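Spelled out from the first residue to the last, the chains are:
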Amino acid sequence: MDIARKCPPVLTVIVILSLIAALSIRGLELDLSLLFSTDFLKQILSYFYDLYPPDLSGGFLREALVASVETLAISIMGTFFALIIAIVFTPFAIRAMSVGGGLSGERGIKSSLLRSAVVFISRMILNLLRSIPELIWAIIFILVVGLGPFAGVLALALHTGGVLGKLYADVLENVDPGPVESIAATGAGRMKIFFYGILPQALPQCLSYTLYRWEMNIRGAAILGFVGAGGIGLLFYKSISLFHTDRVLTLIIIVFIMVNLVDNLSLYLRKRLL
Amino acid sequence: MDIIVNNLQKGFGGAPVIKDVSLTVKEGERVAIIGPNGSGKTTLLRLLNLMIFPDQGSIELAGKKVNGLGVKEARTVRRGIATIYQSHNLIPRFKVINNVLAGKLGSWPTSKALFSLLIKPLEEAGVREVLEKTELEDKIYWRTDRLSGGQQQRVAIARALFQNPNLLLADEPFASLDPRSGEKLIRILLGWSQQKNKTLIVTLHHLEFALAHFPRIIALKNGMVFFDLPTGQVTPEHLQQLYGDSYQGV
Numbered sequence: 002m003d004i005a006r007k008c009p010p011v012l013t014v015i016v017i018l019s020l021i022a023a024l025s026i027r028g029l030e031l032d033l034s035l036l037f038s039t040d041f042l043k044q045i046l047s048y049f050y051d052l053y054p055p056d057l058s059g060g061f062l063r064e065a066l067v068a069s070v071e072t073l074a075i076s077i078m079g080t081f082f083a084l085i086i087a088i089v090f091t092p093f094a095i096r097a098m099s100v101g102g103g104l105s106g107e108r109g110i111k112s113s114l115l116r117s118a119v120v121f122i123s124r125m126i127l128n129l130l131r132s133i134p135e136l137i138w139a140i141i142f143i144l145v146v147g148l149g150p151f152a153g154v155l156a157l158a159l160h161t162g163g164v165l166g167k168l169y170a171d172v173l174e175n176v177d178p179g180p181v182e183s184i185a186a187t188g189a190g191r192m193k194i195f196f197y198g199i200l201p202q203a204l205p206q207c208l209s210y211t212l213y214r215w216e217m218n219i220r221g222a223a224i225l226g227f228v229g230a231g232g233i234g235l236l237f238y239k240s241i242s243l244f245h246t247d248r249v250l251t252l253i254i255i256v257f258i259m260v261n262l263v264d265n266l267s268l269y270l271r272k273r274l275l
Numbered sequence: 022m023d024i025i026v027n028n029l030q031k032g033f034g035g036a037p038v039i040k041d042v043s044l045t046v047k048e049g050e051r052v053a054i055i056g057p058n059g060s061g062k063t064t065l066l067r068l069l070n071l072m073i074f075p076d077q078g079s080i081e082l083a084g085k086k087v088n089g090l091g092v093k094e095a096r097t098v099r100r101g102i103a104t105i106y107q108s109h110n111l112i113p114r115f116k117v118i119n120n121v122l123a124g125k126l127g128s129w130p131t132s133k134a135l136f137s138l139l140i141k142p143l144e145e146a147g148v149r150e151v152l153e154k155t156e157l158e159d160k161i162y163w164r165t166d167r168l169s170g171g172q173q174q175r176v177a178i179a180r181a182l183f184q185n186p187n188l189l190l191a192d193e194p195f196a197s198l199d200p201r202s203g204e205k206l207i208r209i210l211l212g213w214s215q216q217k218n219k220t221l222i223v224t225l226h227h228l229e230f231a232l233a234h235f236p237r238i239i240a241l242k243n244g245m246v247f248f249d250l251p252t253g254q255v256t257p258e259h260l261q262q263l264y265g266d267s268y269q270g271v
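The listed protein sequences correspond, in order, to chains A and B. Following the working numbering, the numbering of the first sequence begins with 2 at its first residue and continues without gaps. Following the working numbering, the numbering of the second sequence begins with 22 at its first residue and continues without gaps.
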């Protein structure tokens, strides 16, 4: 009975998902046949053909490299501040750890109401941070702190902070309760329970999520320049607007290499740390 | 630690799991608790180590009433009670030494606990001493998840001994081990209790273990004490009645 409720039959899920997909295609007035027309293929190919050869002149290459390092720095700082935001909010967003939660050992209706309120507000703040895309945050921060990489860092930090906060909270809430109880049974207080019982179980997954979000932020940071928030995106924007197609190819290659390097580094770190 | 339990009742929303349990255990006693699945053995242990509190009735540990204690006081009492679980409940990623040190968390200040975890494990000599008893001294710096199931249960026992409790509770500690390993581990627990004159209460699935090693057997059935007898007085008829048709004889 319980299992049946938790796992709806595969067939039902497939039918519902196909229905949603069909409605979406209709609603968006997508013409999928375009994808398979020869015209479409020709256009795409000719666009890429026009990009070749890339602009490898020293001056532009240097400019592009400096910008890509800036993009990398924006993604690192953005993820770092996101981590801090998540660490600050996560404890309040978890029922067991929040004010008056099970780990504090307090009982009674008053503390349970307070806890529900604190958890709700913390989750709402995280949701708000997360539901606003980086690009919108970037535009807001450009108005506040001006053009440049700082706006980009803040934009990534707030959006990613909301994402990581939610992910951390989910991971921490789902750790195996056995070790947690065994630590609590020694008479440990909630800080010690957290560091010896909960965090060590959750850490690998939290690290993995953080590295994955960093990978995503590299790509995010490359776009932020379009609205003036620093990094390689600004060069993209200029090159595309001025029809410097050879430069666009150079930039694509640089971003491709950079994203791959970061992906591999992150994969390596995850393997080492987990 | 003397234990006096009176008319204990505990439920989790539905029908009470512990309906009416009264019992007295003297300091240094070694008691096996037996009973069919769902008879309330685990719940009784969790009431005794103050992880949950009774709906009705009272628990006295070492002459002090402990139900209704505040958060801080309950923690203080828990320091003197060590618990061993069926599924050892260790942190797989920790080194063995850190899992054993966790036994002392109740009496360590948070700063000390963090230093020991993040910088350098403390009290290595004490950990070696308990690991010697469980024959794992050579694995002190191994990652716990590299050990076998039986070895991990021995780490859990070492953690409980390292806590240096006045009362040791064990909840079906050998259920997932082969009988020979179980035999070895139960001797460690019994030896500890005898040597230090400390109370040992073990819930057991293996009737043979209970009858062979413990001087006193308490049987639970449907949340009540079914019998509470010196082992010599437990008869096959008792066990037949306790387990019903599933009883195969010992």
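Among the hints, erroneous ones may be present.
[Unchecked claim] In the SDA-like style, the derived pairs of lysine to any residue whose C-alpha atoms are separated by at most 20 Å in a straight line are:
1) Lys93(B) with Gln107(B)
2) Lys141(B) with Met192(A)
3) Lys141(B) with Glu30(A)
4) Lys93(B) with Ser25(A)
5) Lys141(B) with Thr246(A)
6) Lys116(B) with Leu200(A)
[Unchecked claim] A few chain B residues that don't get close to chain A, going by computed Cβ distances all over 10 Å:
7) Gly35
8) Gly49
9) Asn88
10) Arg99
11) Arg100
12) Thr104
13) Asn110
14) Ala123
15) Gly124
16) Lys125
17) Glu158
18) Pro200
19) Asn243
20) Leu263
Derived from the structure by calculation, the hints contain no laboratory data. Source: prediction; values computed, not measured. No residue lacks a Cβ here, since even glycine has one placed at the ideal position from N, Cα and C.
These are the hints, each one checked on the structure:
no. : hint                     : verdict
1   : Lys93(B) with Gln107(B)  : 27 Å, violated
2   : Lys141(B) with Met192(A) : 19 Å, holds
3   : Lys141(B) with Glu30(A)  : 63 Å, violated
4   : Lys93(B) with Ser25(A)   : 57 Å, violated
5   : Lys141(B) with Thr246(A) : 58 Å, violated
6   : Lys116(B) with Leu200(A) : 15 Å, holds
7   : Gly35                    : 15 Å, holds
8   : Gly49                    : 22 Å, holds
9   : Asn88                    : 12 Å, holds
10  : Arg99                    : 4 Å, violated
11  : Arg100                   : 4 Å, violated
12  : Thr104                   : 5 Å, violated
13  : Asn110                   : 4 Å, violated
14  : Ala123                   : 5 Å, violated
15  : Gly124                   : 6 Å, violated
16  : Lys125                   : 7 Å, violated
17  : Glu158                   : 22 Å, holds
18  : Pro200                   : 24 Å, holds
19  : Asn243                   : 24 Å, holds
20  : Leu263                   : 28 Å, holds
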